[in-house]
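Undergrad: Residue numbers (my numbering), protein chains in the order written: chain A, 1 to 114; chain B, 1 to 114.
Hint data in this document are derived by calculation from the structure and do not stem from the laboratory.
Heads up, some of the hints might be wrong.
[Claimed, not checked] Derived pair list, reagent style DSS-like, types lysine-lysine, alpha-carbon separation capped at 25 Å:
(1) Lys37/A / Lys113/A
(2) Lys42/A / Lys9/B
(3) Lys22/A / Lys37/A
(4) Lys37/A / Lys9/B
(5) Lys57/A / Lys68/A
(6) Lys68/A / Lys37/A
The model shown is predicted, which means the values in this text are computed figures rather than measured ones.
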Amino acid sequence: GENVEQHPSTLSVQEGDSAVIKCTYSDSASNYFPWYKQELGKRPQLIIDIRSNVGEKKDQRIAVTLNKTAKHFSLHITETQPEDSAVYFCAATTGSGNTGKLIFGQGTTLQVKP
Amino acid sequence: NAGVTQTPKFRVLKTGQSMTLLCAQDMNHEYMYWYRQDPGMGLRLIHYSVGEGTTAKGEVPDGYNVSRLKKQNFLLGLESAAPSQTSVYFCASSSIPRGDYGYTFGSGTRLTVV
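Same shape as in the complex, but just chain A (with noise of 0.2 Å):
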């Protein structure tokens, strides 16, 4: 079946440092790509964005790049800080039709060191 997966499973970075988390989806019809961030005992929100018509997005400190050709995507955040530590999971479409589906990778565990 189709799936996502999702590098690195942990990081961690010093408070100010960039961090960036990788994903490759193999569904080719795949045409919408979120990004949510799960606090701990929370439900996931979503933080950022992107269509597959656009390769690019910026949110203030957070951005996210999409390859369509290699079928990856990333999620960049710069000038971290302690508030940033969470788990992050992207997603990709999935499935023929409109339905909205998401397959998600495993999760990316970000801490953040003051």
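Assemble the complex: chain A is given as a structure, and chain B must be docked to it using the hints.
TA: This is chain B only, laid out in the frame that chain A set:
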């Protein structure tokens, strides 16, 4: 505006018991989803619905049933609970027809089957 509400928040079941998880959304979203979250495996789609009266299987549907009798409610049933169904269950909704692919998640139900 409550968004997506899940009940109950916690539950302990004995093997073989049944239960129903309720998801309610007040955003008039057409599409609703049930995911389970297990450590190291991201979120996996159980069942989904693209409108009132419709349901479809996701990635891991075995052992679960769903119903969408009203647009705002999406119920997930476990007929005979098994320890393998110990997980955190998240409901989500989206408004694909309006071009909004982003999910709004509920706060989750932590289920333990002993």
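Undergrad: Now tell me if each hint is right for this structure.
TA: For each hint, the structure was consulted:
A hinted pair counts as satisfied when its Cα atoms are at most 25 Å apart, and Lys37/A with Lys113/A qualifies at roughly 18 Å. A distance of roughly 12 Å separates the Cα atoms of Lys42/A and Lys9/B; the hinted pair therefore holds under the 25 Å criterion. The straight-line distance between the Cα atoms of Lys22/A and Lys37/A is roughly 14 Å, inside the 25 Å bound, and the hint therefore holds. Simply put, Lys37/A and Lys9/B have alpha-carbon atoms about 20 Å apart, close enough for the 25 Å limit, and the pair holds.
A distance of roughly 14 Å separates the Cα atoms of Lys57/A and Lys68/A; the hinted pair therefore holds under the 25 Å criterion. Between the alpha carbons of Lys68/A and Lys37/A the distance comes to roughly 23 Å, so the proposed pair stays at or under 25 Å and holds.
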